[in-house]
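Engineer: For reference, the chains in residue letters:
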Amino acid sequence: MSAKTLRIAGVTRSFPGQRGGAPTLALQPTDLAVGPGEFVAILGPSGCGKSTLLRIVAGLDRPTAGQVMLDGAPVAAPGPDRGMVFQSYTLFPWLTVEGNIRYGLRERGLPEAQQAEVAARFIARTGLRGFENHWPRQLSGGMQQRTALARALANDPEILLLDEPFGALDHQTRELMQELLLEIWEADRKTVLFVTHDIDEAIFLANRVLVMSARPGRVKAEVPVPLPYPRDWTMKTTPEFGALKARLMGEIREEVRKAIAAAG
Amino acid sequence: MEPLKPVSPGARIALGAGFFAVFIAAWGVATYGGWVPPLFLASPGKTLLAGWSLLTEFGFLGDIAVTIWRVVGGFLIAAAVAVPLGLLMGAFKPIEAFFEPFLSFARYLPASAFIPLLILWAGVGEAQKLSVIVIGSVFQLVIMVAGVAGATRPDLVEAARTLGSGRLAILRRVVIPAAAPQIAETLRLVLGWAWTYVIVAELIGATSGIGHMIMDSQRLLDTGQMIFGIAVIGIIGLVTDLLFKAVNRRLFPWAVL
Numbered sequence: 001m002s003a004k005t006l007r008i009a010g011v012t013r014s015f016p017g018q019r020g021g022a023p024t025l026a027l028q029p030t031d032l033a034v035g036p037g038e039f040v041a042i043l044g045p046s047g048c049g050k051s052t053l054l055r056i057v058a059g060l061d062r063p064t065a066g067q068v069m070l071d072g073a074p075v076a077a078p079g080p081d082r083g084m085v086f087q088s089y090t091l092f093p094w095l096t097v098e099g100n101i102r103y104g105l106r107e108r109g110l111p112e113a114q115q116a117e118v119a120a121r122f123i124a125r126t127g128l129r130g131f132e133n134h135w136p137r138q139l140s141g142g143m144q145q146r147t148a149l150a151r152a153l154a155n156d157p158e159i160l161l162l163d164e165p166f167g168a169l170d171h172q173t174r175e176l177m178q179e180l181l182l183e184i185w186e187a188d189r190k191t192v193l194f195v196t197h198d199i200d201e202a203i204f205l206a207n208r209v210l211v212m213s214a215r216p217g218r219v220k221a222e223v224p225v226p227l228p229y230p231r232d233w234t235m236k237t238t239p240e241f242g243a244l245k246a247r248l249m250g251e252i253r254e255e256v257r258k259a260i261a262a263a264g
Numbered sequence: 001m002e003p004l005k006p007v008s009p010g011a012r013i014a015l016g017a018g019f020f021a022v023f024i025a026a027w028g029v030a031t032y033g034g035w036v037p038p039l040f041l042a043s044p045g046k047t048l049l050a051g052w053s054l055l056t057e058f059g060f061l062g063d064i065a066v067t068i069w070r071v072v073g074g075f076l077i078a079a080a081v082a083v084p085l086g087l088l089m090g091a092f093k094p095i096e097a098f099f100e101p102f103l104s105f106a107r108y109l110p111a112s113a114f115i116p117l118l119i120l121w122a123g124v125g126e127a128q129k130l131s132v133i134v135i136g137s138v139f140q141l142v143i144m145v146a147g148v149a150g151a152t153r154p155d156l157v158e159a160a161r162t163l164g165s166g167r168l169a170i171l172r173r174v175v176i177p178a179a180a181p182q183i184a185e186t187l188r189l190v191l192g193w194a195w196t197y198v199i200v201a202e203l204i205g206a207t208s209g210i211g212h213m214i215m216d217s218q219r220l221l222d223t224g225q226m227i228f229g230i231a232v233i234g235i236i237g238l239v240t241d242l243l244f245k246a247v248n249r250r251l252f253p254w255a256v257l
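First to last, the protein sequences are chains A and B. Sequential numbering of the first sequence, starting at 1, is according to the UniProt record's numbering. Sequential numbering of the second sequence, starting at 1, is according to the UniProt record's numbering.
Don't take each hint at face value.
[Claimed, not checked] Away from chain B, derived, C-beta distances all over 12 Å, residues of chain A: (1) P16; (2) P36; (3) Q138; (4) L169; (5) S213; (6) A261.
[Claimed, not checked] Pulled a few chain B residues facing chain A out of the computed Cβ check, cut under 7 Å: (7) D155; (8) L156; (9) E158; (10) A159; (11) T162; (12) G164; (13) P177; (14) K245; (15) V247; (16) N248; (17) W254.
[Stated by the list, open to error] Facing chain B, a subset of chain A residues (Cβ under 10 Å, in silico): (18) M84; (19) L95; (20) K258.
It is worth saying that the hints were derived from the structure and are not from the lab. All values derive from a computational prediction rather than experimental measurement. We treat Cβ as the ideally placed atom computed from N, Cα and C, and that holds for glycine.
With these hints in hand, go ahead and build the complete structure from the sequences.
Structural biologist: Pasting the structure below:
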């Protein structure tokens, strides 16, 4: 499995002012390095610019200043080397589950037989067997996000960008999806950048948590998660988990309060 | 009756057929009851008889075939121009900015007002009939297709880009499939308008077609024939509509589930 180093250097994003007003700074100059096989969670209150940062890494948004580099090569546009799963349901409604998973493979011009073989492998790994020929609208939210994850993984990206992928799911489904993602990551050790506002989720999955400040966003704290892999749900009740959670809650509460004060 | 509560398929058909029955009954009362003089409105029976003689003695089937041919021909030409152009306009905003103002102007040009000019340019043959239909439907169609294509969900386009799709692949593999069911629905709607334009075209300078027959019947004050001709258009419209809907359901199972 391939894994590359992601380097974010001085990435800044401001949005033009509305009706001649001053431009809004969404993201202060941010530096970040993510090594091969790391699982980094970006934790922050709503509107702190964490999704903006991820979209810039994906190439879906351009930084106002700064640069994103993957193994030394600058990235400017989206590409199949950076797979992405979005918070909103973005399966192609006119393709079946299998058709969605094959989308990127077909784009790369893989022969039919090989497409089918890769798709079958990821259908099995994400627990979608028996749903291959379903249309997206026939699936629950959890099943749709499984398919979206399989679609991104089937493309064999260097780095996986996850933008609150389980944010719209109910609590129980979300926990199952976290375990599924962890299981896949523990097997493949792909580089993952995971945006979330859920503290438990960040600790449970990542080996490093970056806390972002309220808008304009910047990385205000970096918290390593020294809990061993493989992890399972029982880890969420250990004292070590509790201590990390207490620390991150302290960091986040302050930022949420600032964000609310700024909005008021 | 509860607000928004669905009706069962059987009841839907019965209710739909019911209004046809009420309509024909009211027509019967008005004519057989002597409320309207026969000179202005033929009775349902007279209309059927007139229709029978049209079909058996006056070769009305030939007129129907000619009119259908014109509608389908004009409609296909309009669609062949409008669908690709509309897709390009919807997907690429500079193309839209180039054509949109002119099309917004052109869509208000009444097709029927072009008939004298078209007769001058193209004579009274088939080219003129087809032109009326094309002018009447192509501008509307382009604007509607552009609107549908432009409404493609941006998050699906972004997902496709992260999966490795370039510009043309997004047009081919996202914009077109996403827009296809709505485009088919638009075509169904505009085909209905094409029927209006063909009859207008056939009322002037035509020697065949349903519109020409209606014009002839007016000279003979035969309201039965005129009503039969109009009803035939309605029936053909209804049948094509049902066919279109059935084909759309077949082609786009993901959109109607």
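Engineer: The structure should be examined with respect to each hint, and the outcome stated for every one.
Structural biologist: Evaluation of the provided hints:
no. : hint : verdict
1   : P16  : 18 Å, holds
2   : P36  : 20 Å, holds
3   : Q138 : 7 Å, violated
4   : L169 : 17 Å, holds
5   : S213 : 26 Å, holds
6   : A261 : 31 Å, holds
7   : D155 : 5 Å, holds
8   : L156 : 6 Å, holds
9   : E158 : 5 Å, holds
10  : A159 : 4 Å, holds
11  : T162 : 4 Å, holds
12  : G164 : 3 Å, holds
13  : P177 : 4 Å, holds
14  : K245 : 18 Å, violated
15  : V247 : 16 Å, violated
16  : N248 : 13 Å, violated
17  : W254 : 4 Å, holds
18  : M84  : 4 Å, holds
19  : L95  : 8 Å, holds
20  : K258 : 29 Å, violated
Violated hints, in rising order: 3, 14, 15, 16 and 20; the structure is consistent with all others.
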